[in-house]
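Top line first, the protein sequences correspond to chains A and B. In terms of my numbering, the first sequence opens at residue 1 and continues consecutively. In terms of my numbering, the second sequence opens at residue 1 and continues consecutively.
Just so you know, these hints were derived from the structure itself, not from any lab. Every residue gets a Cβ at the ideal spot worked out from N, C-alpha and C, and that includes glycine. Hints are all accurate, no fakes.
Computed list of lysine-lysine pairs in DSS-like fashion (alpha-carbon distance at most 25 Å, straight line):
1) B:89 to A:236
2) B:70 to B:30
3) B:56 to A:59
4) A:23 to B:16
5) B:70 to A:23
6) B:18 to A:59
7) A:23 to B:174
8) B:3 to A:59
9) A:59 to B:119
Quick partial rundown of chain B residues pointing at chain A, CB under 7 Å, derived from the structure:
10) 55
11) 68
12) 69
Distance ranges between label pairs, derived from CB positions:
13) B:160 to A:27: 21 to 29 Å
14) A:140 to B:117: 50 to 58 Å
15) B:149 to A:238: 34 to 42 Å
16) B:14 to A:189: 42 to 50 Å
17) A:23 to B:89: 26 to 34 Å
18) A:237 to B:150: 28 to 36 Å
19) B:160 to A:203: 49 to 57 Å
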Amino acid sequence: MTNVNCDQLIDYLNGTLNEQEQKQFEAHLAECPECRDIVDATGELPYLAEPVQPDAGMKARILDTVFDESEQDAPIEKPTPIREKTAPPVAVPKRGFRTSKWTPLVAAALLVSLLGNAYAFYELNDQPNAPTAPEVAFETVDLQASETFAGAGTAALVHEEGALNLLVQANQLQPTSGDEVYQVWLLKDGKPIPTGAFTPSQENEGAVFFSLEEDTEGWDTIAVTLEPNRGNTTPKGEVVLSAAIEPEA
Amino acid sequence: MEKISDALLYERVRSKDKDALEELYDRYEKMLYSYLCKMTRDRDLAEEALQEVFVKVWRGIGSYDESKGKFVAWLVTMSRNSAVDLIRKQKKPSVPLDEIAEVESTESSVEETAEWQEKSDQIHQAVRHLSEEQQKMVQLFYFKGYTHETIAETCGIPLGTVKSRIRLALKKLKTSLQAVQEGGVLDDKREL
Chain A
1 MTNVNCDQLI DYLNGTLNEQ EQKQFEAHLA ECPECRDIVD ATGELPYLAE PVQPDAGMKA
61 RILDTVFDES EQDAPIEKPT PIREKTAPPV AVPKRGFRTS KWTPLVAAAL LVSLLGNAYA
121 FYELNDQPNA PTAPEVAFET VDLQASETFA GAGTAALVHE EGALNLLVQA NQLQPTSGDE
181 VYQVWLLKDG KPIPTGAFTP SQENEGAVFF SLEEDTEGWD TIAVTLEPNR GNTTPKGEVV
241 LSAAIEPEA
Chain B
1 MEKISDALLY ERVRSKDKDA LEELYDRYEK MLYSYLCKMT RDRDLAEEAL QEVFVKVWRG
61 IGSYDESKGK FVAWLVTMSR NSAVDLIRKQ KKPSVPLDEI AEVESTESSV EETAEWQEKS
121 DQIHQAVRHL SEEQQKMVQL FYFKGYTHET IAETCGIPLG TVKSRIRLAL KKLKTSLQAV
181 QEGGVLDDKR EL
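The shape of chain A in the complex, shown without the other chains (with noise of 0.2 Å):
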């Protein structure tokens, strides 16, 4: 080793500098080609892994809370997020989530252009000669809490098309703690898809938008757990909050 700098290599890999070491040490990657060339070299190292192919959703799921944290501690950036879009459905690939931190206003407003949108095509439906619409169905349900949780919420499906767009609502939540979020899920016979999670506002409310465009599952419960941290693929925490829905004819 050539000098002072040289020596913090290990604890700059090792995150254990302060903010102003690292700087300090930074500015030496710049000045010492040694260092340099042997951080580099740790960027090949992954390659002695085993490759473990990602599920197909994963990149979805880790996009989405990348950019929506993005904008959620950004408020300023811009004023019209994407998910505040009120023309459903959303368009996403074959089966996708938007995550909660909507405020419960816009979550209400998408709700409301959903439920508009169907009963448009029943009325359309209802006149003699009218085209055919698309065959579009949807109900909406109270989520019943388990006995040992005090919230409320309610889901809201519109089937249209083979799609399905699911919306869901919920109120008086208890505040999560640690990595704690809410997740919803579709179930059919007992077996669970997850839909998109989210934590509560400071009013301890929250919603989430779940949209699958292909829609031949059946569902017949739709379900809310609070899980000790977001990503999970089968439920890990307790139940809080469930529905049977009608499976699609």
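Fit chain B to the known structure of chain A by using the hints.
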């Protein structure tokens, strides 16, 4: 078609270009996820660590510029440190590594698989030229998620010595890797 460099993409990310972040994500998703799976032995934890990395990239926490070396090395360092933090907080038992291997997908393209194989061969060759002690240091630091403090404790070696050994191991790795990548076939003898 020439591929836009990581550094240029990162510049676009700094100006909040979502497509640029997605491109960077696509480039390194599998590589970092595989690494994080090996390190955490848990797919959920690996995903969480990867998510943390890209949240940091997007939010400009710990910004990157080319004077710090290769972008991918910067990502690997962030990935390692995110995983170390999560492993510390983790309470549930890890999924055995074998189970992770079992769910390995076959969806990779032929090109992708070939590229992985080539890179993997190179780094394995380079590692074979480290002493056993040096291999152990790399293994503990990069794949077991041990900090150098923990290595010092568990191996009963002074902290300064551990740092020197990891540095020497990485320096040797870099030299060997360079030789392999420049087309030289290293003989198999171990050297310090």
